[in-house]
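J.: Chains as they are written, first to last, in the working numbering: chain D, 1 to 313; chain X, 1001 to 1339; chain E, 2001 to 2583.
Check each hint, because a few of them may be wrong.
[Said to hold, decoys possible] In silico DSBU-like cross-links for lysine-lysine, where the CA-CA straight-line distance does not exceed 30 Å: (1) LYS1333(X) with LYS1047(X); (2) LYS1333(X) with LYS129(D); (3) LYS1050(X) with LYS1335(X); (4) LYS2401(E) with LYS2318(E); (5) LYS129(D) with LYS213(D); (6) LYS1332(X) with LYS1047(X); (7) LYS2186(E) with LYS2199(E); (8) LYS1332(X) with LYS129(D); (9) LYS2254(E) with LYS2332(E); (10) LYS1202(X) with LYS129(D); (11) LYS10(D) with LYS129(D); (12) LYS2583(E) with LYS2254(E); (13) LYS1202(X) with LYS213(D); (14) LYS2318(E) with LYS2126(E); (15) LYS2126(E) with LYS2199(E); (16) LYS129(D) with LYS1050(X); (17) LYS1050(X) with LYS10(D); (18) LYS165(D) with LYS2318(E); (19) LYS1202(X) with LYS218(D); (20) LYS1047(X) with LYS218(D); (21) LYS1050(X) with LYS1333(X); (22) LYS1332(X) with LYS216(D); (23) LYS1202(X) with LYS11(D); (24) LYS1332(X) with LYS1050(X); (25) LYS216(D) with LYS129(D); (26) LYS2332(E) with LYS2318(E); (27) LYS10(D) with LYS1202(X); (28) LYS1050(X) with LYS69(D); (29) LYS2318(E) with LYS2254(E).
[As the list claims (entries may be wrong)] Each pair of labels, with its calculated beta carbon distance range: (30) SER2082(E) with ILE305(D): 47 to 55 Å; (31) SER2390(E) with THR73(D): 36 to 44 Å; (32) VAL1061(X) with THR2402(E): 25 to 33 Å; (33) VAL1061(X) with ALA2501(E): 53 to 61 Å; (34) ASP55(D) with GLY1172(X): 25 to 33 Å.
Since the hints were made in silico from the structure, they are not lab data. C-beta: ideal position from N, C-alpha, C; glycine also.
These are the residues of each chain, in order.
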Amino acid sequence: MVCKELIPLKKYILQRLVISVITLWLIVTVCFFLLRLLPGNPFASTTIMTQETLDRMMAYYGLDQPLWKQYLTYMGNLLQGNFGYSLKYAGRSVNYVIASTFPVSAQLGFQALVFGIPVGLLLGILAAKFRGRAMDAGINVFVIICTAVPTFIIAALLQFVLGLKLGLFPVAQWKSFSYTILPTLCLSLGTISGYARSMRTLMLEVDRQDYLKTAKAKGLGNARIVIFHQIRNAIIPMITNLGTEIAGMLMGSYVIEKIFSIPGMGAYFVDSIQGLDYTMVMGLVIFQAVIVIVANFIVDLLYGIIDPRIRVA
Amino acid sequence: MEKEKQPIVDGGIDPALCRPVDRSKLDTDQIVRPSVSYWAGVWRRLKQDKLAIFCALLLLVLILLAIFAPIFSPYQYDQTDLLSSNLSPSAEHWFGTDSAGRDMWTRVWVGARVSLAVGFIGAILPFLIGMFVGSIAGWFGGWIDMLIMRIIDIGLCIPSMIYVILILVYLGGGPQAIIIALAVMNWMGPARGYRGRILQFKNREFTLAAETLGASPMRIIYRHILPNILGNIVVSLTSFVPAAIFMEASLAFIGLGIAPPMTSLGQLASDGAGMYRTHFYQFAIPSLVISLIIFAFFMLGNCMRDALDPQLRDEMSTSALRRRRRQEQLQKKQKGAAK
Amino acid sequence: MTNRKKWLTLGITVAMALSVLSSCGTYSDGSTLSDSGESASESGSSTASSGESSEGTSSGTGDTFTFIATQPNTLNMIQSQSNLDNYCFYLTQEMLFRPYDGVYTAEVVDDWEVDETNTVYTYHLKETNWSDGTPITADDFAYYLLAQLDPNMGSANASTLITNYGFLNAQAYYNGECDVSEVGIKALDDYTLQLTLEKPVADFDGTNINVYPLDADFVAEQGEALGGTPENYMCSGPYVLTDWTYGSSLTYEKNDQWLLADEQFQVQTLKMLEASDMNTSVSMFESGEVDMILTVDNDYLDILPEDCLQYFPFNAIKAVQFNTLGQGDAEKAALLSNENFRYALSYALNREAIVAAVSPTDTPINRYMIAPMTGNTPESLFEDDYPVESVPLSGDADQAKTYLQAALDELGYTSVDELPELSYLTFENDNYRLMAETLVDQWNQVLGLDNISIELKPIPDAIQSMMSYQYDLYYTSLGGGTAPSTFLNYWITGGSANDVAANGTNIFSNADYDALVSEATSTMDRETRMGLYAQAEQILIDEGPLVMISTSGIYSAVADYVDGFMYNSNDNAIELNYLTVNK
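Here chain D stands alone, though its shape is the one from the complex:
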């Protein structure tokens, strides 16, 4: 059994690796040229400047070269692992920005996922098991609140009540574990409600599948059925988007990072695109792409292991 699986697995990994590299190259290329379609000049700022000054700055950063030449230069640097320097923030290397902000965003995202997914799944399972009862209704209300109230409102309210009025947690900043609790909680609410909701639906769907009936008919205990058949089968469809989701969470949230003054990556994404900071955007996009590709790869592998019907192919 092990041998049979391992040989195609090796081949599969190799195949995926090649595809990943091609995908990455396509992302870099598409993004590079898309960015240049955005109107505006990266050096235009509110201070008064003449066109001549702007042109000189463009020349200084090599942006007056033909686009294909810029592209080749960029790819050349990229192959050496050099993302270059920010156009907006002189002296700030993109590598350094990623190295210093990613761990923060990743920690926050990871905490939110580690807290959010199990809680969400649990709530979904409970809601499905106690369908139509008070427990279900209660969970439903919670999920509705999480879904219906925007993050920035919940975050601001939690910050005001728990941080300022009750003084349980620090209001903002990123200094120690206690500072991470509020933002983690806010960030995970979306995950919790999403997972609870999908899990409930999927559990109910699985509930009436034949294999479950078989399991029940075989006289398996209730807990065994729930754990080994229902949950496992319900989780499968959720895994499809897990890779992208994990990557998204790790890359940081603009709103949460702004509200809690967290030195993460989320703000850079928005600000650098709006400010046309080409090198910064490219660096962040490539970094994100690598993470997404790796995460999806792992998820696809898991997929095959958890659900034998869907073999990697």
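Starting from the structure of chain D, add chains X and E where the hints point.
T.: Quick look at chains X and E alone, frame taken from chain D:
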């Protein structure tokens, strides 16, 4: 009266009452009751769910307000009145005024128009595109699947802001542009998810059976697979509507909102969020209206999921469960009372 | 099979737990104490009693001043374009003359003299050191100016330096036409710096120039990395930058080596935090985590106690700018350059009401030379010495209608409905948007103009559009400077706000105006000069392509136990020279 007197023999049936059926007059092919089609069944089940009716009514009220409130309001949504800025809600201005003295009642409902339109179309459009593309990828597999999935991989990795800005620049900042931007941003998630679902059902017995019988792929997807996952799709779709409303709001938050002087609930809420401690109503009212819209969609989605599911017939649906449980309790009570 | 899955699950769980544990080092407490052990104990204590600990971390002894302001973009002094950067330079560098509340006082300069032509300034410098102990020489001060003029350094500040001071051959050097040795910025020896101007500049009194030291070798060695982190930046001033966490905090420690370390900047540690969300900033201020917020938003002025708010005027003039060229459309050009049409738009606005409602931190204006700009003497205000004739601050709707009718008659329209469509270009930003909506609606209400549509664009795009004249109306914000010449120079023929493309395309051109400004800038007698400026200002008010709206100011929230806080936008500095924290 006469019947009572008749003696009961052989298990209670009097042979005298039985007459043979005249088969020659009977049309066996005649349909006695109209067959309950799938959608009629859905509608019948939905009608019985009080919560669904309530949510539908709530949504209807909100939609009617969005359509008619600005028409009957004495104020224009973009009419400034510098002498009455930041007034709290009163008889004159039901929802108060904003800092430029514009009537919030009018603005909220004008904003609700935009948000509802963006929410509806901005959720359904990408979803349909995603479903179509996803089912092609999932069903045909092979290089088509490979190609589509790689396009999605690439698309998901490029920050959506880039093409949102591009679209807004080239199409202006109107609601259409926002909807197209949402469609371009969001079709990939559903496509990926739907592909996974198709894969899941592709090897199931009923699909194989249909395939063996020579059904076309589109027919199999539409007739056999779709009803099985429609519940799930509706639930995700109802969560897509609020998501689209909020995506519009968050675009407004980072400055890519709808073109002025038009406004949207998201825009109003994010404007108000800055002053929730000074002029709470400017933040609370738009937020509340957004929350109500989302609440209604969400609950309606849940109810529809129950109603839509072909295998979760009447006796299994949540509302039916509730009904049955109530009846049981009632019977228990009656029994208790009798004793 | 099941077994393997169990192991897998276990593995994932362990991996997750490990990654959470290992990522514990991401915290940026910004403290200069020790690293690992300290942060662990701090995290322990703050979880135990986070309520007090947040208070305790800020300032127990009064030796720390914690405040909220926006971070610098870069500490690369050559490429810096933002006043945010200058806040940091002011705190971390020596200066030839250090401004405090608009007054320049000699710091590194021991004494200085100017020749009789008023063009050669010679400065004798004191012996001072970088924070690492190496001496600072006159070369370092000269290099700071020269590097900004160097055509190969990509600096955006050259044109400002050339316009404001006009150093000898500076323009030629910037154009690559002469060698650096010919430029009028020279170190005669290690402690003598000489600045030579092409012609006398009346508004330059020898002291009012910001000059920091910059080490040429260090710049060459750092290359592109210059000014990105504290390691790529050399300090010489009152404070040393010890930590910079992007998007979170900057920490400054007092530099005891600094020349005036005993007299000024007595606070031991400065912590500048960034909190872009105003709710968060105010919450932190209220909970005592920070001692000052540099800029409080409009909406929060009512929440904070009045006695902790301090107002500082900001020297930018906000105005609606008319593209008199009409984007090549003759009809639009005629309309937009029509004086009566501009007056109509100007008189239609009740600036007092608009500013009070929409932008309460601003002050409405009807002229350009506004307080605190000084007049005939350094003590008197320009606006008192030279009153102008201009639109009343509360507007005049009837007058506006008269002007509009006059404009329509002149241009041959019978009603406003025939006017061409105009677009109002502004930034994608809540405040700019609100101002745009208000102005456009006011014009509609007072004049019945419904031909103006609002176009929002991100800043780089909006400015690029403005610089290529693709707008009809544009909401501009122009830095006013300390002397009248700064603003008036923008609008001379070929001026930097006038001919933005630098190709001779001016939106305003008036020979009398040019002559007055040019004469004034080289008239050494103060009173005569101011008189000429006043005449030029009146021309600009009457004929300039602007409808002025307001001048901005900032409200800072300062805790009651803080004394001596000063911010001056003309100096571009948060001036903590005499600050004390009496907590």
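J.: Hint by hint, where does the structure go against what was stated? Just the numbers, ascending.
T.: 9, 11, 14, 17, 18, 20, 28, 29, 31, 32
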